[in-house]
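Asks: Below, each chain spelled out in residue letters.
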Amino acid sequence: MSTPKTKETSRIDFNPPSEGWMDTPVKIKPGIYCHPAKPEKIKDVDMPNAHSWSPLHDDWNLPENWKEIFFEGMRERLDKHRSFKIFMDICVRCGACADKCHFFLGSGDPKNMPVVRAELLRSIYRGEFTTAGRILGRLAGGRPLTKDVIKELWYYFFQCTECRRCSLFCPYGIDTAEVTIIGRELLNLLGLNINWIQEPVSNCYNIGNHLGLKPHTFKENIEYLVDDIESYAGVRINPTFNRKGAEILFITPSGDVFADPGLYTMMGYMMLFEHIGLDYTISTYASEGGNFGFFTSFEMAKRLNSKMYHEAKRIGAKWILGGECGHMWRVVNQYMDTFNGPADFMEEPVSPITGTKFENAKSTKMVHISEFTADLIKHNKLKLDKSRNDHLKVTFHDSCNPARAMGMLEEPRYIINNVCNYFYEMPENTIREQTFCCGSGSGLNASENMEIRLRGGFPRANAVKYVHEKFGVNCLANVCAIDRAVLPASMDYWVPGVNVAGISELVANALIMEGENEREYNLRGEEIASLKEEA
Amino acid sequence: MAMTFSFFAVIAIVVVALIGALSGLHFVFGVILPYAAFAIFLVGFVNKVLNWASSPVPFRIPTTAGQQKTLPWISDSKLDNPTTTIGVIGRMVLEILFFRSLFRNTSTELRSGNLVHGPAKWLWLFALIFHWSFLLIALRHLRLFVEPVPFLIQGIESIDGMLQVGSPPIYISDLLIIAGVTFLFMRRVILPRIKYISLAADFFPLFLIFAIAATGILMRFVFRVDIVGIKTLLVSLANFSPVVPDGIGVIFFIHVALVSALMAYFPFSKLMHMGGVFLSPTRNMANNSRAVRHINPWNYPVKFHHYDEYEDHFRDVMKDAGLPLEKE
Chain A
1 MSTPKTKETS RIDFNPPSEG WMDTPVKIKP GIYCHPAKPE KIKDVDMPNA
51 HSWSPLHDDW NLPENWKEIF FEGMRERLDK HRSFKIFMDI CVRCGACADK
101 CHFFLGSGDP KNMPVVRAEL LRSIYRGEFT TAGRILGRLA GGRPLTKDVI
151 KELWYYFFQC TECRRCSLFC PYGIDTAEVT IIGRELLNLL GLNINWIQEP
201 VSNCYNIGNH LGLKPHTFKE NIEYLVDDIE SYAGVRINPT FNRKGAEILF
251 ITPSGDVFAD PGLYTMMGYM MLFEHIGLDY TISTYASEGG NFGFFTSFEM
301 AKRLNSKMYH EAKRIGAKWI LGGECGHMWR VVNQYMDTFN GPADFMEEPV
351 SPITGTKFEN AKSTKMVHIS EFTADLIKHN KLKLDKSRND HLKVTFHDSC
401 NPARAMGMLE EPRYIINNVC NYFYEMPENT IREQTFCCGS GSGLNASENM
451 EIRLRGGFPR ANAVKYVHEK FGVNCLANVC AIDRAVLPAS MDYWVPGVNV
501 AGISELVANA LIMEGENERE YNLRGEEIAS LKEEA
Chain B
536 MAMTFSFFAV IAIVVVALIG ALSGLHFVFG VILPYAAFAI FLVGFVNKVL
586 NWASSPVPFR IPTTAGQQKT LPWISDSKLD NPTTTIGVIG RMVLEILFFR
636 SLFRNTSTEL RSGNLVHGPA KWLWLFALIF HWSFLLIALR HLRLFVEPVP
686 FLIQGIESID GMLQVGSPPI YISDLLIIAG VTFLFMRRVI LPRIKYISLA
736 ADFFPLFLIF AIAATGILMR FVFRVDIVGI KTLLVSLANF SPVVPDGIGV
786 IFFIHVALVS ALMAYFPFSK LMHMGGVFLS PTRNMANNSR AVRHINPWNY
836 PVKFHHYDEY EDHFRDVMKD AGLPLEKE
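If you're matching them up, the sequences are chains A and B in order.
If you count the first sequence from 1, position 367 lands on 367 in my numbering, and the numbers rise without skipping.
If you count the second sequence from 1, position 262 lands on 797 in my numbering, and the numbers rise without skipping.
If you're looking for bench data, these hints aren't it; they were derived computationally from the structure.
If you're wondering where the values come from, they're calculated on a predicted model, not measured in any experiment.
Among the clues, some could well be false.
Said to hold, decoys possible - To give a feel for the contact side, a few chain B residues facing chain A, derived at Cβ under 7 Å:
no. : residue
1   : 603
2   : 833
3   : 845
Beta carbons are placed, not taken as given, at the ideal position from N, Cα and C, and that holds for glycine.
Working from the sequences, and respecting the hints, build out all of it.
Replies: In structure tokens:
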């Protein structure tokens with residue numbers, strides 16, 4: 001299946017059809033959905049109702065008591081999450097969220113308006129769990145649960161990246177991410193996950209990281225990067241693995257270890273640590289910062305996340321330093337301590353270089369690499385030559401989760417301003433807390449759903465296009481492994497000529513290291529002089 | 536259909552009240568109905584809030600709308616990303632009294648292939664007008680329930696009537712609530728996206744509130760009623776010793792029936808956003824989950840892949856790769 005041209009995908013109609021959404025049955029289209037989870041990958045992690053099915057088939061082979069499972073699941077979650085209960089009850093359908101969703105803005109599909117996405121489930125809630133809905137049915141906004149409704153829920157809960165942009169504008173703080181998270185949990189009770197999430201979950205659980213890199217391969221991959229650093233920067237680095245007694249355990253999304261351009265970010269971390277003489281180690285066991293379990297169920301998120309503390313305890317680390325990743329930081333900031341704490345076997349994080357106490361992380365004991373790096377720069381602990389990045393005209397994409405589930409807005413900007421001379425902000429309604437999703441977060445970065453990824457990526461890409469045309473921006477910096485994995489495709493499609501880079505890559509390119517060579521090449525092996533000439 | 540049904544539902548309430556009042560069922564419509572409706576409102580409202588509160592908040596999930604508190608030299612956004620209780624209270628005050636999140640509203644349009652984002656304050660403005668005038672009117676009505684009228688209520692009334700237009704003077708809040716409710720209704724009819732998402736449950740309260748405001752204004756300016764009689768009735772209601780004087784106009788009973796309908800409907804409807812907004816976990820929690828551990832009351836132990844299992848599985852390749860082992 002080929003991806004439609006931009007001429008076609010940028011013709012979007014934001015006006016919905018006259019036919020009401022309850023009267024429009026779901027039409028499942030290739031290019032929009034991801035392949036179903038393979039049954040063995042579900043069984044691998046002891047999740048229920050693994051079975052074979054196809055989104056395009058009429059019969060999804062649901063378990064016999066599917067309705068009971070679904071309602072029972074809803075009842076349980078209403079009792080467990082006040083958020084879910086309130087969000088089912090209080091929406092007034094003011095529509096402020098409607099044009100805030102990147103999937104709606106990119107597709108024009110009215111069921112991608114956050115209000116309708118939530119109404120898909122709310123209508124079931126009203127029909128089954130409220131007296132008015134049970135008696136008045138549709139007049140009270142209720143509808144019965146049918147197999148077609150299950151298909152609709154599946155189709156649209158896997159067209160939401162849980163980015164929370166809509167929740168920012170909601171006058172009651174209704175968070176569609178919360179609805180989608182719980183909606184996906186319910187679908188998982190019926191064995192209806194997508195494989196792009198389920199296989200990484202199984203890999204991460206059993207092997208240690210999403211791609212399933214075994215311990216020796218994981219180590220080898222990093223050693224290749226060490227070789228590259230030596231070729232381009234002339235410095236030999238010897239990272240350690242699973243080393244007991246290391247002061248700091250460093251965990252980053254595994255995408256940084258195997259996927260271009262995340263690799264350069266990984267090289268950046270290691271060069272930074274070498275430069276400051278950090279006593280750290282990398283684990284092959286807890287070799288995944290990301291958490292696709294979070295896109296499956298809270299329980300699965302907790303099971304995968306538990307490895308971080310488990311490993312920190314085993315090696316006796318004082319605290320954990322975390323790499324650049326979006327949803328990883330949602331989990332670390334808002335869930336980890338609650339899931340798997342208290343981390344009382346570690347110490348309150350203190351930078352061994354500057355002595356700064358990271359008070360904001362004193363309970364969870366995990367610090368973000370950008371917080372750590374910004375502190376180093378502030379204390380003049382890094383020798384930097386900004387001009388090495390002069391061929392780059394940089395803009396910064398705030399990742400959804402660090403922006404709206406954490407608020408890490410200034411640290412990355414401070415770093416960029418200290419390692420690059422040319423930094424330009426995208427329009428104000430598209431950055432910071434109002435940032436647009438890359439279009440492929442929450443486990444939707446597969447290839448079979450490329451059309452919806454590109455459509456969902458349109459609002460972000462369109463803002464990049466603005467600064468690309470206005471200031472000649474050619475580098476889209478970010479702090480997220482999924483961003484690094486998916487934005488290159490989005491840029492090639494919407495704004496050719498813009499590269500994607502993690503911030504730590506930019507830092508390392510500017511870093512003046514002891515014993516380094518002439519630094520004629522950047523971490524990508526490109527000759528800096530000729531890049532400057534081109535720019 | 537959603538709109539038609541809601542419209543006729545409100546008309547039905549008016550007709551029933553009209554017939555009732557004309558048939559002399561003044562005690563039913565002046566005493567029993569408002570008592571019953573108020574009881575339903577009170578019990579229903581409290582019940583709903585208690586029901587919400589009975590579900591725990593397992594995770595600390597504020598939507599952060601500003602800079603976090605990290606390094607001492609980076610100034611944090613104390614209201615949009617609060618880390619303290621005072622900050623949270625500030626955020627909630629802004630949210631509840633001034634609709635902070637809605638103030639942020641933008642509108643996005645596609646112009647020659649590009650998305651253009653601009654501010655969109657009309658909904659915020661009219662929502663604010665609608666809710667504040669509703670509150671003022673409700674407070675102003677207290678003068679009918681108590682004797683003597685408290686100073687504060689007198690103050691509200693005189694400010695509200697300060698235009699000094701007409702006799703009796705027009706209340707500003709009456710004009711504003713009609714403007715607000717009309718705006719909220721018109722956008723549901725005119726804007727295609729809002730029309731698409733509107734349910735009967737969205738039109739019904741608008742029609743109901745419009746009818747309440749309209750009958751109230753009619754009572755003041757067109758069908759004059761015996762205000763002394765009304766006050767006698769309402770004070771007697773408030774004192775739980777109901778007396779229905781003769782000669783109160785029919786329109787009063789229609790007004791009361793509509794208000795009763797609103798009260799009785801309230802706890803079972805989206806109008807509960809009034810209570811819900813206080814409990815919304817994305818707004819009423821501090822973003823301090825890395826500094827203070829949040830406890831999930833139903834947290835339970837889960838099965839996870841232990842390091843020992845991992846090493847047992849991969850011992851040979853780990854050994855070959857020179858990775859340290861717990862057991863050789």
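Asks: Work down the list of hints and note, for each, if the structure agrees.
Replies: Results of checking the hints against the structure:
Because the closest C-beta pair between residue 603/B and chain A is about 3 Å apart, less than 7 Å, the hint holds. With a cut of 7 Å, the hint placing residue 833/B at the interface with chain A holds, because the nearest CB-to-CB distance is about 6 Å. The beta carbon of residue 845/B comes within 5 Å of a beta carbon in chain A, closer than 7 Å, and the hint placing it at the interface holds.
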